[in-house]
Every structure is written in structure tokens, then in C-alpha cells.
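S.K.: For reference, the chains in residue letters:
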Amino acid sequence: MATWQLVQYVVTGITVGSIYAIVGLGFTIIYSVTGIINFAQGEFVMLGGMTAFSLIGLGLPIPVALMLAVVLVTLVGVVFNLTAIRPAGRASSITLIIITIGGALFIRAVAGLYWGRDAVALPPFSSGASLSFLGAYIRPQSLWVIGITLVLMVVVYLLLNRTLVGKALKAAAINRRAAALVGIDARMMSLVSFALAAATGAIGGIVIAPISYASYDMGVMLGLKGFVAAAMGGLTGVWGVFLGGLGLGLAESLAAGYISSSYKDAIALIFLFAVLLIRSRRLVAGEEAAA
Amino acid sequence: MLSLIRGRVKMLAIAALVVLLIIIPLQGNAYYTSVLIIIGIHAIVTVGLCLLMGYTGQVSLGQAAFYGLGAYIAAVLSKTYHLNPWLAMAVAIIATAAFAFAIGFPIFRLRGNYLAMATLGLGIIIWILFRELDWITGGQPGFLDIPTLSIGGFAFDSDLSFYYLVWGFCIAVMFISQNIVNSRIGRAMRAIRDSESASQSLGINTIMVKAKILALSAAYAALAGSLYAYYVGFIDPPPFGFLFSIRLVAMAVVGGLASIWGAIFGAATVRLLTEFLHPFGDIDTVLFGLLLMVIIILSPQGVTRGLGDIWRRLSRRLSPS
Amino acid sequence: MADILQMKGLTKTFGGVIAVNELDLEIQEGELTAIIGPNGAGKTTLFNLIAGVFPPTSGQIIFHGQDLAGTNDYQRARMGIARTFQDVRLFGNMSVLDNVMVGLHSRSKYGILSAAFRLPQGHREEDNIRLTAINTLNLVGLGRRADINASELTFGQQKLVSIARALATKPRIIMLDEPAAGSNVLETQEISDLAKRILEMEITVILVEHDMRFVMGTAERIVVLDGGEKIADGTPSQVQNDRRVIVAYLGEQEDEI
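Protein chains in written order, with my numbering: chain L, 1185 to 1475; chain B, 10 to 330; chain W, 27 to 283.
Chain L extracted, bound-state conformation:
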């Protein structure tokens, strides 16, 4: 095999993997605070890309449009939490799964009605020719994606580990009642986590849209892959998600390159099962320790 080809696949893998990491980050944030797997996480990503596209279409300057898109999607996250998650209270996991699935379906269907079924592309963040590296082409947008992912990871890491809000989030995650005793409102923390996850998701959708387009139905697969990344990272740590995302992106890109692109999605699903089976052992072990 040619070296440039391999390099090309690796570059693509890292780029796509970064996106998976961003989506996974949203899962991790919500899960670590509330114990909920938010099946609507992929829809936040979709909303980010599509909203940015519409705002640019309105003639707003690109940086303004992108930021406004993140703000709007964050609002969607907040509204979703207030209208669907909060009223459910401390429901069973089956109820919460159905709620977030319902939310995902709703958001996706509204998006389909509003934006139609066509995929749209955002303009790249910077113009300029692709760079050449060992014979492979690297689009400037890939560098943007990787760079923004890294920055986002660091920001979220610092937010969770070095700030008061982060400590409150963690406290709420560990023990709701104890957290309430020291004045931390678990419902507020749940709200914050959804807002944060929606914002991260939106950023992911915006940075990927110039490369792989955005469409109303992109949420399911992206969500699933983001979940795989998050699950590989154990659904708790920021850096685990990052590595999980990169691993998945690389595996997928190499498989698509050397085997067949029609089974690209299947690779992610095989990863999903592998991760779940490994985790199921650890889950059982965890339960035993708790018993």
C-alpha cells in the first residue's frame, strides 16, 4: 500500500474522530451529572450545523452566525431539559430513555420540516489550498476541526475540574442529597449539564459541516458514534472520550479505505458491541463492589 494513502486515511480518521469525541463529550457531560444517556445528543449536533447554515444564509457575518448558532442550540438544550427532563423527576431509566428518544425524534422531525431533506454545506472557516503532507492532502478545515476539538476538550476539562461550577456538577453527580444539603440544586445542575452538552454538540456540528455536510437526519449515526466514543472513555473522563473518538475515527477511516466504504458504519457498531461487552463485565464488577 502507498504511504500517502495511509497518511490520507489517518488524517481523515483523526478529523472525523475529533467530531465523534465532541459528540461523545456531550454524552459524558450529561451522564456524569445526571446518569441520563441523552439520545437527543446527536440532534444537538445536527441543529448546530443547520442553524449556522441558516444564519449565514441570512447574511450575518460568519463568526457572528456561528456563535449565535451555538447560543440558540444551547437554548434548545435548556428548553429540552426544562420541558421534558425536569417534569419526569427521578423516573426509571426506561422512562428517561423514552423521553430523550421522543425528544430526538421531535427535534429531527421539526428540522426535516423546516430545512427539508437536502444536505447543506457551510463554507470552510479559512480559505486556502490544501496542505500537502507526505503526499496526502490536508484540508485547512481538518486542522480547524482538530484544533477546536482540542481547545474544547481543555476548556471542558478545566470547567469540570478547576471551577466552582464543575465541582458543584460533580458533587451533584456523586450524591444528590448531600449536594442539596450544601446548597447545590441537582435540578439546576442537570440544566447546566444539558446546556453545556447542547453547546458542545452545536460546536461539533458547526466544525464538521464544511467537510461532511449537515442534514436533518445526521443525528442518529453521529449520536451513536459519539456514544461509542464516550463509552470507550468510560462515560466519565474528558480525555477518555477524546481517545475513544480518535480510535473510532481511525478504525472507521482505515476500514473504509482498505475494505469498503459501505460498511463504514458497521465498524462503529462493532466497536459499540465490543465496548459494551467489556463494560458489561466492569458493570457487573461495579455492582458487586457496591453490594
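Among these hints, one or two may not hold up.
[What the hints assert, rightly or not] Mimicking DSBU-like on lysine-lysine, the simulated pairs with C-alpha atoms at most 35 Å apart in a straight line are: (1) 135(W) to 19(B); (2) 196(W) to 34(W); (3) 88(B) to 1448(L); (4) 135(W) to 196(W); (5) 222(W) to 196(W); (6) 222(W) to 34(W).
Keep in mind the hints are simulated off the structure, nothing from the lab.
With the hints as your guide, set chains B and W onto chain L.
M.R.: This is chains B and W only, laid out in the frame that chain L set:
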């Protein structure tokens, strides 16, 4: 005594339903009949999902895959391999159930959220196979000219005859499911839903029970899928994808997750909404998203129970105590 | 009398924390043994090990001469090892009677097909299951509450139902995890009587309990655990006078009071 009366009322309601089902198609409107056939097919899948989710407490977000497996196996065997369609149907049901049973063991080591993701992923993998194994399944363009069912010289090639066939199966599935729920197996299912560790401590092999119920629900789905293939005569991947899995969950939730006969109500509601809203585009999906959230938050028992509660509250208020 | 249960060098660690340490213990058939000890002494872990919830880190458990290694909880339940839980774990959305009938699951066998088509075998078994469950429920004095929802019972009654449910599995040995916790004086006496009645049914009883009056008045033999190790073993009066016990356990409790 009260339960006896309630049992009588229920039997009467079921008898009324059966009579209604027999006379409805006599109105002669072909469109209504075809909608009712689809409702019957979906109700069969939904009952299985109720057994799994409502009674046993195990999520499946990939039920459409079993439905698709039933449809494709029956279609391929009867068309490509010229197997008798009834035999092809039986093979489809048994093979799908066996497959579900086998994957039940690894998959039911998972719970809650992880199980939901695993079933979602499984559904998508199988869906990708429907699309990609085109030399078997016809791929994207679809699989044409599926033969129809017949007994002796009588072919189920009219909507009316197929209607009775589908609803015959549907009612049989309802009775079978009701019997299972009221049995030792049904008790074990509910016990698993309420406390898995306590169930294990009483000698119940919980993974085995869950795998069996998954297999049963897959058998129902495969039965429905093969009926669908024979009815339409043509299948392609879209109706067996992720969205249909979620739609099935909506049917189960609307009818009441732990309600066998509610499945018919749920399937009918969801299908009729789709039919009525069809002229307005994809508004039905918006509505299903909303319905799922609203119903599960306000009335987790489902609309039928929810209405029952309201009725009971009203009648209590109205009756002089 | 023969040993029904033998533990040899039984050890369980959780990520470096030793819950049960090199425990050697024999339980005699037909005896009522109480296991006591301060919180974190390893009592519930010991129950979980015997019940097969998790495997030991090392050591053996022998039940009726058979090594239990490699069997899990539902298999051990079928072999005749029953248990209740500290936090009860009733099936809250089922009737009291149904709860007890679940206990008979492994003592009946009609399958999904008999159930689906209402075959006669299922009918016969179901009648037996119901009858046995009612009798078992009467044994704990809750026969009249058979049809109400289990979650509507008082905490003390729920404990009794959980005992009935465990008894329904027709065990040879039953482990009761804090059966009297949260019960009033009257209920505690009832549970003490019940434990003795279970013994008369030729079922060996092991119980974990903090209520000392209950333990002294109920148990024939008391095993004291501390830090996962057995520090005393004998009749109630022997244990009461054991210096190590007074220091490790009773002394501590008096300090608390």
C-alpha cells in the same frame, strides 16, 4: 368479586372488538381495509415489545430489525428458493427467534441505557445488511414479486381475505400473550422488572427468561414482517430502519407498556395519525416525538390506562359517597 | 449433627479492601445461628458469598459436601440456599401472593408453550403453586393480605413477605439479613417465633441482626465477626462473656449509647 366483574367486562370488550373486527371490512372501502391490515401487522410487533419492555422491563430500540428479518427471510425463501410461502414464514419465524435467543445472552448482560444503545446498534447493523447484501436482499432498489399465501386453491390475494388472515393471527397472538403474562413465566417477567437481584435469589435464571422473551417478541415481529412481505409483495430497507423501531416504541407507549390489548390501540393510534397527517408532510413524526414525551411523563401506564384513571376519578366524584 | 455448610479459608476483597478474611466456619444442619458484628464486619458480604452473588477471592464454600465453586446465585437457590435482603427488595408492582408465588418459580416447570396454550400441565401446576403460596403466606401470618399490592404493606410486613418468598423456594438453609431491623417490639417477637418455626420445618437458619435482645433470645449459636474475621463462636452466654467480643463489639456499642 371485583376482579371477577372486571374480568367479565374485559371478556365483553374483547368479544365486542372481535365482532367489530369481523364486520368492519364489510363496509367495502378498500383504503380503510388496507390501513386496518397494516394496523393489525403493527399490533403484532407491538405486543412483543410490550412483553419485553412493559412486563420484563427490558428496552429494545431495534425491534424493527426482527420485523425486517422476518420479511426478508420469508421473501427470499419463497421467491428465490421457491419454498412454500407458509413454510418460508415458519422458517422466518423460527430463525429470527433463534437469532434473538442467541444474542439475548450477551446483550442481556447489559441493563438500562447500555441495553438501549446495544439494541439500537443491533437494529442499525441488521438494517445495513439489508441494504448492502444486495445479491440476496435486492439492496436499495428492493425485492420484487414476492409470492402470496394460499391454502389449497384459495389465495390470500385480496385485501379482504388478507385482512381476516392478519387479524386472525393478531387475535391469536393477543391471547397467547395474555396467557403467558398470567402464567408462571409472566410472574417471573414482572419479578425481573421489579428486582433482578431478588429474582435471581429465588432461583430464576433472569438472563434465560429475558432471552426467551426477546425470542418470543422477535418471533412475533418476524410473523408480522413475513405477513407484510406477502401482503405488499415488495420490500426494501426503509420500513425496517431505526425510525420504525422508535415508532414501535411509540405504539407500545401509547397503548400502555404493560398492556397486551393496549397494543392494538397504540398501533391504531400511531397508524391513523400517520394516515390523517400524511397530506401535511412529515408532521406525524413531530407528533410522535411529542406523544412519546408527553405520555411517558404524564401517564406512564399508557393512554388507555390514563383514560381509565380519569374515568375512575370522575365517576368517584360524581357518585354520591 | 452433620455440617450443612462449611467455609474454608474464605476470603473476599474489594479492590484491596478485605471484607472477609480467611474465614473458617461450619454451620450445623438444623441449627439457628446468628452472625453479629459491628458495621463493616463482613456479615452481608458473607451472605452474598454463600448465596453466590459473587465468587470469593479465595477459599471454599461446601454445601452438603458439595463444593459450590462455579455455581451462581440462581443455581444455589435451586440447590436449597435461600436468602432475604436487608433492603427487602419485594416486587413492588405485584400482589403479596404473586410475590410468594415467584418464590415457587424454580419448584415448578411448565414452560412458555404450556402457558401460551393453557395446557393442562400448566393448570395443575398453577393450582399447586397458588395453594403452596397461600400456605406459606399463612405461615408468616399474612394470608389475609394476599391480594393487595406488596408496596402497600408496612415495612415490617414487607420483611415477613420476603421471608415467605424465600421459604417458598423450599430451601434447606435460609439466610435472613437483619429480619428485625425497623420492626417494633411486637413484630420483633413475631419474627423470633417465626425463625424458630422455620427451624421446626427442618430448615437451617442463619441470621444477621443488630438487635442484641433478639439475637440472644433467638439464636442457639452466635458467631461474632470483626474486620472480616471470626473473633468468637459459641452459645449466647459464652459469647456474652467473651472478652474480645466485649471489646470489639459490645463495648463499642455501649460507648455509642
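S.K.: Quickly compare the C-alpha distance for residue 135(W) and residue 19(B) to 35 Å and report which way the hint goes.
M.R.: holds (29 Å)
S.K.: Does residue 196(W) pair with residue 34(W) here, judged by a C-alpha cut-off of 35 Å?
M.R.: holds (26 Å)
S.K.: Holds or violated: residue 135(W) and residue 196(W), Cα atoms, limit 35 Å.
M.R.: holds (15 Å)
S.K.: Decide if the proposed pair is consistent with the structure: residue 88(B) and residue 1448(L), CA atoms, cutoff 35 Å inclusive.
M.R.: Roughly 30 Å between the alpha carbons, so the hint for residue 88(B) and residue 1448(L) holds.
S.K.: Taking only the CA atoms, is the gap from residue 222(W) to residue 196(W) under or equal to 35 Å?
M.R.: Judged against 35 Å, a Cα distance of about 16 Å means the pair holds.
S.K.: Straight-line Cα separation of residue 222(W) and residue 34(W) no greater than 35 Å?
M.R.: Holds: residue 222(W) and residue 34(W) sit about 28 Å apart, inside 35 Å.
Checked against the numbered hints above, the structure breaks none of them.
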